[in-house]
Amino acid sequence: MPDSPIIQVRNLTIQYGSLVVLRDVSFDVYKGEIFVILGGSGCGKSTLMKAIIGLVKPSAGSIIIDGADFTSVRGSERQAVLRKFGVLFQSGGLFASMTLAENVALPLETYTSLNNDRIMQLVDIKLASVGLSGYQNFLPSEISGGMRKRAGLARAMALDPHILGFDEPSAGLDPITSAALDQLIIRLNETLQTTMLVVTHELDSIFAIAHRIIMLDREVKGIIAEGDPRELKEHSTDRRVLNFFNRVVETSEEA
Amino acid sequence: MSTPAAASNDYLSYSVEDTQLSLVLLKPITVYTAGAYDEAAQSLSQMEGLTLLVADFSKVREYDSYLAVLVDLIDAACGKRGIQVEYIGMSESMERFLASLKAADQARNDAAADVSAWRSSLEHIGEFTLRLGRDTRDFVEFFGELVYKLLLLLPRPGLIRWKDFPFVFTRAGVDAVPIVVLIGFLIGLIIGYQGAVQLKQFGADIYLADMIGVSITRELGPLMTAIIVAGRSGAAFAAEIGTMKVSEEIDALKSLGFDIMRFLVMPRVLAVMLAVPFLTLFADVAGILGGLLTGLMTLDLTLTGFFNQLQQALTYSHVFSGVLKSVVFGFLIATMGCFRGLQVFGGAESVGKYTTAAVVSGIFLIIFVDAIFAFVFQVLDI
Ligand SMILES: Nc1ncnc2c1ncn2[C@@H]1O[C@H](COP(=O)(O)OP(=O)(O)O)[C@@H](O)[C@H]1O
Ligand SMILES: [Mg+2]
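Note that the protein sequences, when read in sequence, are chains A and B. Under our numbering, think of the first position of the first sequence as 414, with each following residue one higher. Under our numbering, think of the first position of the second sequence as 59, with each following residue one higher.
One chain only, chain A, in its complex shape:
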């Protein structure tokens, strides 16, 4: 399946003030794959994800999305690149004052000239595809955490993005709900061929969904492993990688 890269990250350096989080990071994400970003907390996973979707400005390097350098495009071109993304934030990021249907309809109302009937038809399809048929008129506060994430996913998919980003989709969910979310990610990836970019450190989840992973490290401020997680678990020679996959805790490491 991996044919052409949809995201190319080249020599990326990101810092907050004087704190360098990532230094000289390069990797590719291919069309239609489920790409997982791993690493301990504070190693810059969220930062990397935010840089790729344009929320954080890197201090050096480039991020090329579908051939366009995201770090240099401006104005309407930037808008066009942004629209290729859908992002599911940790807590769902739903607008609390709007019903689920209104949440999902918002991007469609903003970016298309569809009439209300058509929009509602699409909203129904999106909500159904995440298993939330019949919850159109519920407010985010009236549904559970797992449902909120799925609703956030429906909104992220509203404009059929080419790339879907997930920041710790299983955070705050029970194992069953989190496994169901993994299945949903796999199903959407298979049926819609959407490229999935997932930040997680749930081992179960990684082995269930990931086609390829990169592992970041806080000391190195970059990638310490890249490839198929099953292969890495078996054959990696890097102690840190093996520790991660075998859940070994080293006392020297801070929590």
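Quick caveat, the hints were computed from the structure, so don't treat them as lab data. Small disclaimer: the values here were computed from a predicted structure and weren't measured. Just so you know, nobody snuck in bad clues.
The calculated SDA-like cross-link candidates involving lysine to any residue, where the alpha carbons are at most 25 Å apart (straight line), are:
1) B:K85 to A:H575
2) A:K497 to A:N424
3) B:K411 to A:F551
4) B:K411 to A:E515
Counterexamples of contact, computed for chain B against chain A with all Cβ distances above 12 Å:
5) L70
6) Q78
7) S80
8) S103
9) D114
10) R119
11) G140
12) V143
13) K221
14) R229
15) I241
16) L257
17) M282
18) V385
19) I421
Think of the CB as a built atom: it goes at the ideal place given N, C-alpha and C, for glycine as much as any other residue.
With chain A held as given, fit chain B with the ligands onto it using these hints.
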């Protein structure tokens, strides 16, 4: 048939043979191109006498979920008129994509009741009334619990969390002094000016002192102060406690065995109860000075004349009835603020809603109680 046998535009080309319409879709089918397809479909739907429609998708390179909507539309339009539909030239991935959306679509729940407008507005009124009743009952309950617990704690005041008290007193009281003085002064100025114009007509200039003194200390001072405090502290308490509610801090406190009344509500209520009378006195003085200033400027008044008259007119009972009221106002404002804060549930939006409610119902309560006081004081001849 009046329509041409074959034609095309940017989005589709079509040809008609007997009763068969063949369509070739040419452009991307996405939410952004939807409008053009709609127009094309409109013009085709005028055709009559068709029995079969063949739609060819082989030229479509790009598509998104709108594909499902378009297919739905075609199906529905043709189904209604008894026309058979055939889709050709769909790539395998396109078919799979469509199938996955259709499967989702089928699971769709159309039960969403189509509530007519008048019914929903009636429902609205009903809901509002119910909520008003519930809110009133809940507030009375809350108020009762607070008073009861305060009385219980009277012999053991150490159980109230006094740590917050100075902080709240500073914010609700001391910080409010400038605005209260300013507003009081301006109100005195305005009332003084209005009064001066009337009093001048029958040479009763000196009675400006009575008018200003009594109206400010009895009514306007306490009322204006209370309204300002409702806007400042009532809102602050509701937002503060509401945010704590949203972030589950309140639940955490309760689970640790803290009594919310003792821990959060009482320090705030007591601090405001103490602060408002002081603020009212500030407002009284500022208001009288404002009135004096207009008197000096527009009327034949002297400083000593004004104060001599004021001394006669302004009895202790005027000032103290005002201060007494302000203690009650302070109690009500703070209680309402905390009550509304604790009503918050859900998210940020709810905090905003109940903060607004805290101010609105706080001010309503002040004016309502003020009317009761007016009546009671009149009966008691205070
Ligand atoms: N907005 C910010 N300002 C300053 N430092 C930040 C900011 N966001 C994250 N950081 C720092 O950057 C590092 C990486 O954070 P993050 O990307 O959130 O890590 P992860 O998601 O892997 O846990 C951390 O040390 C964090 O403290
Ligand atoms: Mg993170």
